[in-house]
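There are 2 protein chains.
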Amino acid sequence: MPSIDDVAKKAGVSVTTVSRVLNNRGYISSATREKVYQVMKEINYQPNELARSLFRKKSNLIGLIIPEIAHPFFSELTQFIEHYAFQNGYKLLLCNSEHDRAKEKEYIDMLKKNQVDGIIMGSMLQETDDYLELNLPLVSFDRSIADHIPLVSSDNYNGGELAAKILIEKGCRRLAFVYGGIKGYSGDLLNNKSMLAGLRYDGYSKECKKRDIQSTDFHLEINRFANQQSTVEQLMRFFQENDSIDGIFATSDIIAACAIQACSKMNLKIPDDVKIVGYDDVLLASLIAPAGLTSIRQPIEAMAKQSIDLIIKQIQGEQVEKKYTLEVTLAERGTT
Amino acid sequence: MPSIDDVAKKAGVSVTTVSRVLNNRGYISSATREKVYQVMKEINYQPNELARSLFRKKSNLIGLIIPEIAHPFFSELTQFIEHYAFQNGYKLLLCNSEHDRAKEKEYIDMLKKNQVDGIIMGSMLQETDDYLELNLPLVSFDRSIADHIPLVSSDNYNGGELAAKILIEKGCRRLAFVYGGIKGYSGDLLNNKSMLAGLRYDGYSKECKKRDIQSTDFHLEINRFANQQSTVEQLMRFFQENDSIDGIFATSDIIAACAIQACSKMNLKIPDDVKIVGYDDVLLASLIAPAGLTSIRQPIEAMAKQSIDLIIKQIQGEQVEKKYTLEVTLAERGTT
Numbered sequence: 032m033p034s035i036d037d038v039a040k041k042a043g044v045s046v047t048t049v050s051r052v053l054n055n056r057g058y059i060s061s062a063t064r065e066k067v068y069q070v071m072k073e074i075n076y077q078p079n080e081l082a083r084s085l086f087r088k089k090s091n092l093i094g095l096i097i098p099e100i101a102h103p104f105f106s107e108l109t110q111f112i113e114h115y116a117f118q119n120g121y122k123l124l125l126c127n128s129e130h131d132r133a134k135e136k137e138y139i140d141m142l143k144k145n146q147v148d149g150i151i152m153g154s155m156l157q158e159t160d161d162y163l164e165l166n167l168p169l170v171s172f173d174r175s176i177a178d179h180i181p182l183v184s185s186d187n188y189n190g191g192e193l194a195a196k197i198l199i200e201k202g203c204r205r206l207a208f209v210y211g212g213i214k215g216y217s218g219d220l221l222n223n224k225s226m227l228a229g230l231r232y233d234g235y236s237k238e239c240k241k242r243d244i245q246s247t248d249f250h251l252e253i254n255r256f257a258n259q260q261s262t263v264e265q266l267m268r269f270f271q272e273n274d275s276i277d278g279i280f281a282t283s284d285i286i287a288a289c290a291i292q293a294c295s296k297m298n299l300k301i302p303d304d305v306k307i308v309g310y311d312d313v314l315l316a317s318l319i320a321p322a323g324l325t326s327i328r329q330p331i332e333a334m335a336k337q338s339i340d341l342i343i344k345q346i347q348g349e350q351v352e353k354k355y356t357l358e359v360t361l362a363e364r365g366t367t
Numbered sequence: 032m033p034s035i036d037d038v039a040k041k042a043g044v045s046v047t048t049v050s051r052v053l054n055n056r057g058y059i060s061s062a063t064r065e066k067v068y069q070v071m072k073e074i075n076y077q078p079n080e081l082a083r084s085l086f087r088k089k090s091n092l093i094g095l096i097i098p099e100i101a102h103p104f105f106s107e108l109t110q111f112i113e114h115y116a117f118q119n120g121y122k123l124l125l126c127n128s129e130h131d132r133a134k135e136k137e138y139i140d141m142l143k144k145n146q147v148d149g150i151i152m153g154s155m156l157q158e159t160d161d162y163l164e165l166n167l168p169l170v171s172f173d174r175s176i177a178d179h180i181p182l183v184s185s186d187n188y189n190g191g192e193l194a195a196k197i198l199i200e201k202g203c204r205r206l207a208f209v210y211g212g213i214k215g216y217s218g219d220l221l222n223n224k225s226m227l228a229g230l231r232y233d234g235y236s237k238e239c240k241k242r243d244i245q246s247t248d249f250h251l252e253i254n255r256f257a258n259q260q261s262t263v264e265q266l267m268r269f270f271q272e273n274d275s276i277d278g279i280f281a282t283s284d285i286i287a288a289c290a291i292q293a294c295s296k297m298n299l300k301i302p303d304d305v306k307i308v309g310y311d312d313v314l315l316a317s318l319i320a321p322a323g324l325t326s327i328r329q330p331i332e333a334m335a336k337q338s339i340d341l342i343i344k345q346i347q348g349e350q351v352e353k354k355y356t357l358e359v360t361l362a363e364r365g366t367t
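In the order they appear, the protein sequences are chains A and B.
Mapped onto the working numbering, the consecutive letters of the first sequence carry residue numbers 32 to 367.
Mapped onto the working numbering, the consecutive letters of the second sequence carry residue numbers 32 to 367.
Because the hints were derived from the structure by calculation, they are not lab data.
On a predicted model such as this, the values are computed, not experimentally measured, just so you know.
One or more hints might be untrue.
[As the list claims (entries may be wrong)] For lysine-lysine, the following DSS-like pairs were computed, each having C-alpha atoms within a straight-line distance of at most 27 Å: (1) Lys72(B) <-> Lys143(A); (2) Lys144(B) <-> Lys89(B); (3) Lys89(A) <-> Lys134(B); (4) Lys40(A) <-> Lys144(B); (5) Lys72(B) <-> Lys144(A).
[Said to hold, decoys possible] Take a look, some chain B residues computed to stay more than 10 Å from chain A by CB distance: (6) Ser61; (7) Cys126; (8) Gln245.
For every residue, glycine included, the Cβ atom is placed at its ideal position computed from N, Cα and C.
Please put together the full structure from these sequences, using the hints given.
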């Protein structure tokens, strides 16, 4: 493969001159520029992006840290993040934390050493200090880490209100709020106020109180998307011990799908005996139950686009607003 | 941030010496080495990975080109690919072709310029020459591109046989093979022999012929995972026009889930009126129908691990076998 030295030699200029042409820096006569381009074409020279990045101090890489790409919410989000990153000339380094603090920390160090231009963090695990010390453009997804770090989320509070409203309006009188996750992650949904998903509970609870409807909280012991069988079993036990429950608000469509399975195994009819509302409205939500799952729709594409916009503006040195709360909507289907 | 110059100055050695220490090259006395390490620690010097990559001609980046990360098969595959890449000290650049030849070509060029150490290609779109010209360690996924490029796939032929067998054994007499995709991609499943998914059809057809069972082929006009509504509608029309069909072999679990929706809208009972077998056995397969979807299970984790092993062995200059066909199994659930 021809090198920059080959170009310089053949064009009769110095390597510095070729480098200046490549990076559009310093004064270069148009004749020299033409000559260099011509030689590059002749000998089929491919500029080494790695070398150029080093020179420009810009890698055009964005790091994305999420818990699990296998989870439909994150795979759909990532699809759009990659789409908008590519449109803007950026590539995406995919980092699954796999709910493992050590792995997430290692990725943070790696991203710094590899000089990514910015990081979108959608993982909830790491101490926020590790991110703040990075001194890199950051966007935080669904978690408030510091006042000066832009935060993208959807309106979780309103999402909770909408879920309670539809269940109550459809006649439910004994509700359950079903959520999952390991401690320190969404398991702390109800206690850790930096986790914005906790606002779903606040909006939902306020609505239940206002209408004088009883609700039970049920925390699932799950830490992986793959733990579906265990989720179904835990929900079956929950239904056995709480047989008056007639409405479920699940904090994800996957948990909702597990609740549907649990009902099916226990011969509880949906929506007659139990009504179910999910969260996210992933693409599969309309295929989950015979007539589709009712869900609170997060605007996944808009959230992805917003995150990429914010990273790029920061990379370009622009000032940005610090809080972006996007609207959610109710997608009403067969489970309510 | 301290630079390599700061280290050199403080240690009283040249930058070249520091660089040699960092990259473990050339002769360096242990006293000098110790001194350099000590200074690095003192001033908290972070070696710039970009610079080191350039020096070592190794980026520790693996490019992954797939059609859509939003599709559950690819998101689960990518979860494992990232897992095993990370375990081996590699990072993953995620490239969605989005079924767009121009985008895929741009990514190929980008990956070359960014000097990734290898590419796993699971996209079916691009002319194979573009990949062969890369002159990089490659692993091809589910598509045969050249004899010297290692190929990882599961036993598609046996998958087709297993699907036909279970449908026929459960009493189906009028089967349909339902597949989708745009032309040039899996739309050419039945004509383009480089697409290994076509072998599913061969195994299935052979089994139908052997048992003298009639089968109809139905090609869905879909090009995106998100086109679920259209898929359901096309399947409803298909059932209307072919009302004797009592068994469906769908080439993905998502298509199978759409077939279940179509049956539900047309009051066809599963498994009494119509039996359905999907393909892939993604994590959601057990949640799709009331009693789960019967599916042909691809060993997604093993396929991901095999791909990473093959890329790394090639990067390290080892010879590798060229063909890896992993076993599939039947996951029997409520739709048969």
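Hint-by-hint comparison with the structure:
1. Straight-line distance between C-alpha atoms of Lys72(B) and Lys143(A) comes to about 17 Å, which keeps the hinted pair within the 27 Å bound.
2. The straight-line distance between the Cα atoms of Lys144(B) and Lys89(B) is roughly 13 Å, inside the 27 Å bound, and the hint therefore holds.
3. Using a Cα cut-off of 27 Å, the hinted pair Lys89(A) and Lys134(B) holds, with the two alpha carbons roughly 22 Å apart.
4. For the given pair, Lys40(A) sits about 22 Å from Lys144(B) by alpha-carbon distance, which is consistent with the 27 Å threshold.
5. Between Lys72(B) and Lys144(A) the CA atoms are separated by roughly 16 Å; this keeps the pair inside 27 Å, and the hint holds.
6. Against the 10 Å criterion, Ser61(B) stays outside the reach of chain A, whose nearest CB is about 25 Å from its own CB.
7. Not every CB of chain A is more than 10 Å from the CB of Cys126(B) (nearest about 8 Å), against its label as outside the interface.
8. Every CB of chain A lies more than 10 Å from the CB of Gln245(B), the least distance being 28 Å, so the non-interface label holds.
In summary, the structure is inconsistent with hint 7 from the numbered list given earlier, while agreeing with all the others.
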